[in-house]
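Chemist: Sequence order for the protein chains is A and B.
This note's numbering numbers the first residue of the first sequence as 1 and each following residue consecutively.
This note's numbering numbers the first residue of the second sequence as 448 and each following residue consecutively.
It is worth saying that the hints were derived from the structure and are not from the lab.
C-beta: ideal position from N, C-alpha, C; glycine also.
Each hint should be verified, as a subset may be incorrect.
Distance condition first, Cα-Cα at most 27 Å in a straight line; then the derived DSS-like pairs of lysine-lysine [as the list claims (entries may be wrong)]: (1) B:K607 - A:K285; (2) A:K129 - A:K348; (3) B:K503 - A:K318.
Here are some chain A residues pointing at chain B (derived, C-beta under 8 Å) [what the hints assert, rightly or not]: (4) G45; (5) Q223; (6) Q225; (7) Q227; (8) P261; (9) V262; (10) N263; (11) H264; (12) A398; (13) A432; (14) A435; (15) Q436; (16) G439; (17) L440.
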Amino acid sequence: MPSLSVPTIILAGALGLVALTGSQPASAQEHKGEQLYPLFTYRTGPYAPSFIPFGAGNRDYLRYINEVEGGVDGVKIFIQECETGYTIERGIECYERYKNGYDGALTAAIYPHSSGLDVALTDKARIDKIPIVSPGGGQNIATDGRVFPYQYPLIFDYWSEAQIVVDYIAHQVGGTDKLKGVKIATLYHDSGYGRDTIEPLDILSKKFGFEDIQIPVPHPGEQQQAQWQQIRQAGADWVFLRGWGVMTPVAIKTAARVGFPVNHIIGDIWSGSEDDARPAGGVAKGYLAVSVFPPGTDYDILKKLKETIIDTGKSDLKDDTKFGTVYYNYGVIEAITFVEALRTGHRKFGNHPLTAAEGQWALENLAIDDQRIAALGAKGLISPLQTSIANHKGETIAAKIIQWDGTRWDTLTDWIKADTTLFADVIRAKAAAYAQEKGLVLRTASN
Amino acid sequence: MNFFLETLVSGLSAGVMYSLVAIGFVLIYKASGVFNFAQGSMLLFASLTFVTLVEKGAPFGVALGTTALVMILGAILIERLVLRPLVNRDALTLFMATLGLSFVIEGLAQLLMGSDVHMLDLGIDDLPVSVGGLMISQFDLFASGAALALVAVLSIVFNKTRMGISLRAVADDTLAAQSIGIRLPAIWRIVWSVAGIVALAAGLIWGARQGVQYSLSLVTLKALPVLIIGGFSSIAGAIVGGLLVGATESLADIYIGPLVQGSVSTWFAYILAVVFLLVRPAGLFGDRAIERV
Chain A
1 MPSLSVPTII LAGALGLVAL TGSQPASAQE HKGEQLYPLF TYRTGPYAPS
51 FIPFGAGNRD YLRYINEVEG GVDGVKIFIQ ECETGYTIER GIECYERYKN
101 GYDGALTAAI YPHSSGLDVA LTDKARIDKI PIVSPGGGQN IATDGRVFPY
151 QYPLIFDYWS EAQIVVDYIA HQVGGTDKLK GVKIATLYHD SGYGRDTIEP
201 LDILSKKFGF EDIQIPVPHP GEQQQAQWQQ IRQAGADWVF LRGWGVMTPV
251 AIKTAARVGF PVNHIIGDIW SGSEDDARPA GGVAKGYLAV SVFPPGTDYD
301 ILKKLKETII DTGKSDLKDD TKFGTVYYNY GVIEAITFVE ALRTGHRKFG
351 NHPLTAAEGQ WALENLAIDD QRIAALGAKG LISPLQTSIA NHKGETIAAK
401 IIQWDGTRWD TLTDWIKADT TLFADVIRAK AAAYAQEKGL VLRTASN
Chain B
448 MNFFLETLVS GLSAGVMYSL VAIGFVLIYK ASGVFNFAQG SMLLFASLTF
498 VTLVEKGAPF GVALGTTALV MILGAILIER LVLRPLVNRD ALTLFMATLG
548 LSFVIEGLAQ LLMGSDVHML DLGIDDLPVS VGGLMISQFD LFASGAALAL
598 VAVLSIVFNK TRMGISLRAV ADDTLAAQSI GIRLPAIWRI VWSVAGIVAL
648 AAGLIWGARQ GVQYSLSLVT LKALPVLIIG GFSSIAGAIV GGLLVGATES
698 LADIYIGPLV QGSVSTWFAY ILAVVFLLVR PAGLFGDRAI ERV
């Protein structure tokens with residue numbers, strides 16, 4: 001090995017130091033005055049197909065706010081992506097990285113984009129005082145903001161979804177009084193998410209007299225012949241399909257194999273995207289699903305995005321055919337909740353980037369009413385949303401029923417509202433039990 | 448009784464599909480004693496390549512042939528870049544190499560072909576027909592036929608041809624086989640190519656059932672108990688193991704599931720595998736390891 005002279009070593013060291021310092025950020029406060037939006041992504045792995053249009057909807061709306069509207073009340077949003085691969089451990093790393101802001105930009109809230117991560121962050125968020133927001137995928141128990149001050153399961157929950165499905169079936173059979181004797185089978189992903197509707201359906205079956213049949217499908221659900229034979233043998237009239245990923249197309253195909261009518265299968269919100277129905281091919285035509293994130297491009301805000309972001313080549317979408325799909329619109333809706341929370345906070349605290357404490361206040365004082373929805377150009381895309389300390393989900397829970405026509409979704413109904421009072425006591429009792437177990441003091445408006 | 452028989456038959460047909468995946472593992476294990484962790488990724492890559500070509504307008508036959516060629520090319524590259532530098536290393540080292548390989552293949556697939564979910568239509572209806580009073584899916588009949596054809600071809604190749612005998616010699620004693628002039632790199636290239644084509648067949652059948660998407664590589668989880676039961680080195684074992692796993696998990700879901708208020712098929716196959724490990728560690732048809740101590 002050739003020996004190096006001392007000057008050469010010093011020169012090499014100096015060059016190395018220059019290179020190192022040159023690679024440092026110019027300033028750690030480069031984004032001061034901006035609002036951080038930590039975008040937890042899963043662009044890799046088996047769930048990437050759902051994230052890619054969802055993330056694009058999210059980014060496109062925020063880009064529209066920044067570039068067309070000049071920011072939220074003048075405050076620019078600074079997006080920092082963090083790849084979780086839809087794993088909890090990497091999600092926690094992302095949370096730790098961005099919980100205190102980044103490069104001068106402040107964190108007002110974190111959207112973990114994973115129900116599992118939402119649960120995993122419950123205690124951490126309480127200690128760190130960081131709002132965790134999971135539209136459509138949060139913990140139902142966390143609706144009670146007196147016990148869960150930092151969790152926001154905005155917009156929707158699976159208990160209300162069960163109620164909406166039963167309500168839709170009641171309409172089809174001629175009213176709730178005709179539900180007696182109707183057999184509703186729930187085919188669920190055998191996980192915490194899937195099992196979440198067992199209890200509300202039990203309550204609803206006792207109330208309305210329908211027969212409640214519960215059938216689990218093991219993850220990932222690539223083989224369901226036995227389950228569908230059970231459904232056929234039980235003589236089920238309707239199937240509420242609570243799938244995830246590959247489970248949905250396999251369910252639709254297997255239903256066809258046992259001769260179950262596809263237009264009597266109602267998928268849940270995670271069984272109701274284009275990627276859930278399309279792989280099932282022709283037999284999926286007529287398949288129904290619950291939709292909180294209605295697909296389509298015929299909304300004013302989508303038209304604005306088309307004109308200013310998509311057509312100008314600024315979209316995060318690589319494939320424009322995904323524009324207006326269920327997951328794209330979900331991304332837009334979620335971004336709307338973030339921006340509206342910021343606006344709410346600005347009205348109270350002034351037009352500057354919000355801290356996490358200010359973000360918490362804003363999220364539990366959200367009031368997106370019909371008038372505001374019209375102003376946003378989101379009429380028909382989102383339903384009114386009003387939160388409070390006692391209700392972190394929102395007062396009005398509603399969804400539409402959509403139907404697959406073989407190539408795209410058609411919207412069958414207007415918003416079907418859930419009766420939020422029906423399960424409110426049960427949810428509050430569960431939250432109270434949780435508070436007792438953890439030794440938590442219930443919050444009130446005064447404390 | 449009819450319900451029981453239909454459940455049994457549907458379980459057996461699911462088992463045939465598990466066997467198709469398991470055969471790919473067996474081929475490589477027979478040639479090198481290595482459990483190829485990348486088999487699921489190869490299955491995903493093959494089906495994704497095929498469906499991408501079809502979507503780009505390639506006729507079925509052209510897409511099939513091109514994908515087979517891609518899998519053969521992949522096998523040559525794997526042999527040259529991964530296996531050859533590790534020749535004569537222990538099985539664990541090679542296993543770790545296949546583990547890394549699986550990430551590379553999945554990453555490449557996503558990089559080159561995106562991560563969209565694709566519909567795959569092989570032109571065979573997945574609708575039931577009556578066979579002896581039982582309702583059986585036409586697609587299941589097709590899959591069973593494809594598996595049987597594949598097993599027949601592989602059995603002839605491995606038992607009656609010079610290449611097959613060479614392969615068995617390599618599996619039995621690599622150094623001794625090399626000493627009599629059998630070229631290990633060539634054998635590995637051939638075996639990985641055949642495993643790639645088997646992955647294509649399995650990928651097409653599974654892809655047609657559930658759509659071509661990234662979770663397709665997870666079907667290999669079903670192959671593991673099949674291999675333990677049937678034996679890692681036997682194609683016949685893969686078939687019998689697959690049928691056993693398919694039938695028992697299907698029946699268990701129907702008759703035991705309600706007793707435990709949950710799905711049992713995921714772990715039931717593994718319980719069965721553990722029982723076999725205790726009673727017959729080499730599996731039903733596997734070779735017993737005999738070593739000089």
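Chemist: Quick check on Q227 of chain A please, does its C-beta sit within 8 Å of some C-beta on chain B?
Modeler: The hint holds - Q227 of chain A has a Cβ within 8 Å of chain B, the shortest such distance being about 7 Å.
Chemist: Grab the minimum C-beta distance from A435 of chain A to chain B and call the hint holds if it beats 8 Å, violated otherwise.
Modeler: Violated. Min distance 28 Å.
Chemist: Close enough to count: is the Cβ of Q225 of chain A nearer than 8 Å to one in chain B?
Modeler: holds (4 Å)
Chemist: Within a Cα-Cα threshold of 27 Å, do K607 of chain B and K285 of chain A meet the stated pairing?
Modeler: violated (49 Å)
Chemist: Tell me if H264 of chain A is really an interface residue toward chain B, meaning its C-beta lies closer than 8 Å to one of theirs.
Modeler: Hint violated; H264 of chain A Cβ to chain B Cβ min 17 Å, cut 8 Å.
Chemist: Against chain B, is A398 of chain A within 8 Å by beta-carbon distance?
Modeler: violated (28 Å)
Chemist: For K129 of chain A and K348 of chain A, compute the direct alpha-carbon distance and say whether it is at most 27 Å.
Modeler: Holds. K129 of chain A to K348 of chain A sits at ~19 Å (cutoff 27 Å).
Chemist: Closer than 8 Å between Cβ atoms is the bar; does L440 of chain A clear it against chain B? Give me holds or violated.
Modeler: violated (31 Å)
Chemist: Checking hints one by one. Is Q436 of chain A an interface residue toward chain B, by the C-beta closer than 8 Å rule?
Modeler: This interface hint is violated because 27 Å lies over the 8 Å limit.
Chemist: Does N263 of chain A pass the interface hint, meaning its C-beta sits closer than 8 Å to a C-beta of chain B?
Modeler: violated (17 Å)
Chemist: Would you settle whether the hint for Q223 of chain A is holds or violated, based on the nearest Cβ-Cβ distance to chain B being less than 8 Å?
Modeler: At about 5 Å, which falls below the 8 Å cut-off, the nearest Cβ of chain B leaves the hint on Q223 of chain A intact, so it holds.
Chemist: Identify whether the interface hint at A432 of chain A stands, where standing means a beta carbon of chain B within less than 8 Å of its own.
Modeler: violated (27 Å)
Consistency note: the structure conflicts with the earlier hints numbered 1, 8, 9, 10, 11, 12, 13, 14, 15, 16, 17.
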